[in-house]
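So the sequences go chain by chain: A and B.
Using my numbering, you'd call the opening residue of the first sequence number 41 and step up by one each time.
Using my numbering, you'd call the opening residue of the second sequence number 9 and step up by one each time.
FYI, nobody ran anything at the bench for these hints, they're computed from the structure.
Wrong hints could be hidden among the right ones.
With a straight-line Cα cutoff of 20 Å, these simulated SDA-like cross-link-like pairs (lysine to any residue) come out [unchecked claim]:
1) 52(B) with 136(A)
2) 140(A) with 52(B)
3) 52(B) with 70(B)
4) 46(B) with 136(A)
5) 140(A) with 72(B)
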Amino acid sequence: AQSVTQLDSQVPVFEEAPVELRCNYSSSVSVYLFWYVQYPNQGLQLLLKYLSGSTLVESINGFEAEFNKSQTSFHLRKPSVHISDTAEYFCAVSEGNTGKLIFGQGTTLQVKP
Amino acid sequence: DAMVIQNPRYQVTQFGKPVTLSCSQTLNHNVMYWYQQKSSQAPKLLFHYYDKDFNNEADTPDNFQSRRPNTSFCFLDIRSPGLGDAAMYLCATREGGSDEQYFGPGTRLTVT
Numbered sequence: 041a042q043s044v045t046q047l048d049s050q051v052p053v054f055e056e057a058p059v060e061l062r063c064n065y066s067s068s069v070s071v072y073l074f075w076y077v078q079y080p081n082q083g084l085q086l087l088l089k090y091l092s093g094s095t096l097v098e099s100i101n102g103f104e105a106e107f108n109k110s111q112t113s114f115h116l117r118k119p120s121v122h123i124s125d126t127a128e129y130f131c132a133v134s135e136g137n138t139g140k141l142i143f144g145q146g147t148t149l150q151v152k153p
Numbered sequence: 009d010a011m012v013i014q015n016p017r018y019q020v021t022q023f024g025k026p027v028t029l030s031c032s033q034t035l036n037h038n039v040m041y042w043y044q045q046k047s048s049q050a051p052k053l054l055f056h057y058y059d060k061d062f063n064n065e066a067d068t069p070d071n072f073q074s075r076r077p078n079t080s081f082c083f084l085d086i087r088s089p090g091l092g093d094a095a096m097y098l099c100a101t102r103e104g105g106s107d108e109q110y111f112g113p114g115t116r117l118t119v120t
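Whenever a hint applies, use it, and build me the whole structure from the sequences.
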């Protein structure tokens, strides 16, 4: 069975500092990997995804994630965070033909001024 | 703009009183999902429809039912809500063959 582990439940960081949110997955088959962001009392928004090809994927707002097959990881990084990046971040893996998403427990990113 | 709409955004119901949550989409996607997200937890899939085919997760309680009368609408029925059913309920859609799910804003259910 597939599973996703987000290693940090909370990550406090100062504004303009770099950040890394860690995600590891387990799967016996090829996977699609996703990062979603959730602002308070809102639904999930897709941040970026890895399907195939280049292992480094980027979002429009400066986040990037690197798929590492040997380490079964898909860590999310941003070189300089903003206050507006404060949110809950979920790593997810897509399961087979159903497209079912299996989520990690989430990481709360707290950006301090 | 094409989107996934959930109504209401906040719903309060009494213990044991049936409640229905609504999801509609203008994306014309053929797959629709219902997730339950309890406080400080990850979303958990309850069931999904592929077109009219209903797929229940093995651990979804019988208390939860769903209807999809047409492509655009999907309903979540909770027959006898318990205190443990208080959660955010998220609807999502996907076009079959694609990889991305589009989420609605969610309905936060409170059970008193």
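Open item on the list: Hinted pair, alpha-carbon criterion (20 Å max): residue 140(A), residue 52(B). Please report holds or violated.
Closed with: The hint holds at about 10 Å.
Open item on the list: For residue 140(A) and residue 72(B), compute the direct alpha-carbon distance and say whether it is at most 20 Å.
Closed with: holds (18 Å)
TODO: Measure nothing beyond the straight line between the CA atoms of residue 52(B) and residue 136(A); if it is 20 Å or shorter, mark the hint as holding.
DONE: Within the cut-off at roughly 17 Å; holds.
TODO: Starting from residue 52(B), check that the Cα of residue 70(B) is at most 20 Å away, please.
DONE: Holds, because 16 Å separates the two Cα atoms, which is no more than 20 Å.
Open item on the list: Next pair to validate is residue 46(B) with residue 136(A); report whether the Cα-Cα distance is within 20 Å.
Closed with: With a Cα-Cα distance of about 25 Å, the restraint between residue 46(B) and residue 136(A) is violated, given a limit of 20 Å.
When each numbered hint is compared with the structure, a violation occurs for hint 4 only.
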